[in-house]
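*Asks:* Letter by letter, the chains look like this.
Protein chains: 2
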Amino acid sequence: MTETSGRIQRHRTADAVVDLTLDGEPVAGREVVLEQTRHRFLFGCIGFDLIDHANGTAADPAAAARNADLWEGVFNFATLPFYWGRFEHERGKPDTERTLKAARWFADRGHPVKGHPLAWHTVTADWLLDLDNEEIARAQVDRIRRESQDFAGVIDMWDVINEVVIMPIFDKYDNGITRLCRDIGRIPMVRLVFDAAREANPNATLLLNDFDMSAAYECLIEGVLEAGIKIDALGLQSHMHQGYWGEEKTEAILDRFSRYGLPIHFTETTLLSGEIMPPEIVDLNDYQVDSWPSTPEGEARQADEIERHYRTLLAHPAVEAATYWGMNDAGMWLGAPGGLVRADGTPKPSYDRLHHLVNTEWGTPPTTLATDAEGRLRFNGFLGDYRVTCDGRRAEFTLDAPGDASLTAALA
Amino acid sequence: MTETSGRIQRHRTADAVVDLTLDGEPVAGREVVLEQTRHRFLFGCIGFDLIDHANGTAADPAAAARNADLWEGVFNFATLPFYWGRFEHERGKPDTERTLKAARWFADRGHPVKGHPLAWHTVTADWLLDLDNEEIARAQVDRIRRESQDFAGVIDMWDVINEVVIMPIFDKYDNGITRLCRDIGRIPMVRLVFDAAREANPNATLLLNDFDMSAAYECLIEGVLEAGIKIDALGLQSHMHQGYWGEEKTEAILDRFSRYGLPIHFTETTLLSGEIMPPEIVDLNDYQVDSWPSTPEGEARQADEIERHYRTLLAHPAVEAATYWGMNDAGMWLGAPGGLVRADGTPKPSYDRLHHLVNTEWGTPPTTLATDAEGRLRFNGFLGDYRVTCDGRRAEFTLDAPGDASLTAALA
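Chains A and B are the protein sequences, given in the same order.
Numbering-wise (the working numbering), the first sequence opens with residue 1178 and increments by one.
Numbering-wise (the working numbering), the second sequence opens with residue 1178 and increments by one.
With the rest of the complex left out, here is chain A (with noise of 0.2 Å):
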């Protein structure tokens, strides 16, 4: 076993005795089948194609359910868009019907739903420029008020504030947000935008996001914890245009930023299968180009960097999720083969990779196993939930931390 294996299994794995009942006697010396059905892990993508399909409206409706299926395959947990300068483009007409079908498209199938974002400077509402900033921070507010009510019940986990670091000086295009965050400062800003979304929805998971990996966001993070402003994770895009970070650098970047206690997301992971972004280019918006096509010598890598990247993550106890930022080369960010799944609806290697890992090495398919002669059932198996079926009985238990579990499972 390697030395990032033994890590999994320590940080991801419990060792589970589950005395096995059936109307009150012990199941003994029986054989069962034991499969896992969700992952505590969230392994998590963007779900902005699925929005359409939610809703009935897919161009393609056959395309679109093959896609759920594939998303299915791998992934437990979605992110849903809430840019506000296209969720409400038009002030007081936000896009809350469809968006919600979606969301509820998603809960109903036991997937927990993230929304992303609920202030950024980058496709922010451009009537914002017409108010004064005391209106924006109002705006903002009520904004953020409206979505986490309602949504609340479905969507319980918010990207609350995306880029805080560079928002005050961002400095492509005017926009409502950089002028309220340079006039009230940072942490000033993350307390409006928190305050507001914790009063919306107590129960909610929020998040700070960001893309700056440097001492710069560490240095927000610590100012914004000083302050008193309860973070409840720590986001983390790793958008990899420009090539995959590689084990050292990705945990170094986890050791650097689980200092804080809090649990980490990596919430926007890219990697691509066919040519990498220049170096030098520093804004990936910065890069234009007319075709990026999918090669098989990408493939090839992008399906290695996948497990790479993945197996670090998983090997880092802090890390509680990992979304990654499209399933599709069809309609991605920058039009880059960044997919899982090519344009035309075929997996990747990468696909499969990733599919391999979460469902057979890091998952239990369905396993017949023999209890013992007190009807126990001993495995070692990810977090998370289980059945059990012995006789056409069922019984369900779930796995919640690592180490050793004693359960009990009466099969009905």
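Treat the hints as calculated values from the structure; they're not laboratory data.
Check each hint, because a few of them may be wrong.
For chains that are exact copies, the list does not tell them apart, and a pair is met inside one copy or across any two.
No more than 25 Å apart at the CA atoms, straight line, and that leaves these computed lysine to any residue pairs for SDA-like [unchecked claim]:
#1 K1426 / M1390
#2 K1407 / R1368
#3 K1278 / P1289
#4 K1426 / D1348
#5 K1426 / I1458
#6 K1426 / F1388
#7 K1349 / L1431
#8 K1426 / D1360
#9 K1349 / G1423
#10 K1349 / E1425
#11 K1407 / R1571
#12 K1426 / P1456
#13 K1349 / R1263
#14 K1426 / S1182
#15 K1407 / L1439
#16 K1349 / A1429
#17 K1407 / E1452
#18 K1407 / P1365
Let chain A serve as the given structure and place chain B on it in line with the hints.
*Replies:* Quick look at chain B alone, frame taken from chain A:
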């Protein structure tokens, strides 16, 4: 007048009307000699080279005296070294006496002195490694109290803490200050050292100083201010071994760091008169060369850049001080030709250029002027102290704010 000159004029000079009297009578229609004796702007330089001179221990007293004359020809503000690993190489044996004598030498000549630094992870005391973190914190606080009190009245300005952005993640070598900062966090570290310095010398001007001009330093500052820690001035280093920043970058930095309403000190400026360090060097300390000569072309370039840099700084109202990091090439950090004076003691063009700016363009060398019929002397002058003489009688006055100034001065 250029736009920069206009701003320098607006922020740095006063239109003075001085009612000049002699024995209570207006000195009407007389010729007088006006001279600026001190700039309000702090034209600083390190005074490390003059410690031996001040202590009478210079190896070449005549050369040291020439150096002292050159220093005072341009500068009015000294920075003296308090690197813990040198100042108290052996625990309990601080280099107080010698440093205090040097500080007095400057102070007696009217030049304020700043101590640099009270807390830093580089060149810190090796013996901290034998202590646990609580003991390191106590030693750091004790050290700050001791220096603050021992030098109070002579040194009333301190770079309290240096390079906090990188401090807890500095990984070149193990040291006690990084250990402590990593343990308690950046903001508690700043609070620890500022509280100690403030309490030990409530009259001191206390600086936070960093080389990191990115958003990281902004985030640190915002966190520190939000935490209620009082910073008297922000120190921005500007070692330009990799090339002059240019007006645009310098102005952008001033724009970003002046948002906090705090005075800004350019604490450590270096501009080379030789080859520029390659851009791929990240930690300047990594660049080691056998010989790094000053060249004629380099000296011409340096003189121009010095002028442009100082003009940019004086044109921004937030800047109160600019400290050049070494008048002499001899003994310069990294062996770089960053001095204004060559290793052989002869001034470079940059020295002459800065001398001209400080003393002639921005200063008032002894100048004959006439009072009007009411005994009024009218002139535009840079903020600072002035002396006016007439028939062997003299008066002194100070211009301490830009704009119109009405003063009275009685010749005595």
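*Asks:* At most 25 Å between alpha carbons: which applies to K1426 and P1456, within, between, both or neither?
*Replies:* both (16 Å within a copy, 22 Å between copies)
*Asks:* 25 Å Cα cut-off: does K1407 pair with P1365 within a copy, between copies, both or neither?
*Replies:* Classified as both: same-chain Cα gap 13 Å, cross-chain 18 Å, threshold 25 Å.
*Asks:* Classify it for me, K1349 with L1431: is the Cα-Cα distance of at most 25 Å met within a copy, between copies, both or neither?
*Replies:* between (30 Å within a copy, 19 Å between copies)
*Asks:* Between K1278 and P1289, at a C-alpha cutoff of 25 Å, which is it: within one copy, between copies, both, or neither?
*Replies:* within (14 Å within a copy, 69 Å between copies)
*Asks:* Checking an output row: K1349 and G1423, CA cutoff 25 Å. Within, between, both or neither?
*Replies:* Intra 30 Å, inter 21 Å, cutoff 25 Å: inter-copy only.
*Asks:* For K1407 and R1571, with the copy left unspecified, which applies at a CA distance of at most 25 Å: within, between, both, or neither?
*Replies:* neither (41 Å within a copy, 65 Å between copies)
*Asks:* Should K1407 paired with R1368 be assigned to within, between, both, or neither, using CA atoms and 25 Å as the limit?
*Replies:* both (9 Å within a copy, 21 Å between copies)
*Asks:* Could you place K1349 and E1425 in one of the four classes (within, between, both, neither) given a Cα distance threshold of 25 Å?
*Replies:* between (32 Å within a copy, 16 Å between copies)
*Asks:* Since the copies are identical, ignore which copy is meant and state whether K1426 and D1348 lie within 25 Å (CA to CA) inside a copy, between copies, both or neither.
*Replies:* Only across copies: K1426 and D1348 sit 14 Å apart there, 29 Å inside one copy, limit 25 Å.
*Asks:* Within a copy, between copies, both or neither: which one fits K1426 and F1388 at a CA-CA cutoff of 25 Å?
*Replies:* both (14 Å within a copy, 23 Å between copies)
*Asks:* Given identical chains, is K1407 near L1439, meaning Cα to Cα at most 25 Å, within a copy, between copies, both, or neither?
*Replies:* Cα proximity of K1407 and L1439: one copy only (10 Å, versus 29 Å across).
*Asks:* Within, between, both or neither: how does the pair K1426, D1360 come out at a Cα-Cα threshold of 25 Å?
*Replies:* between (35 Å within a copy, 22 Å between copies)
Going through the hint list in order, the structure does not satisfy hints 11, 17.
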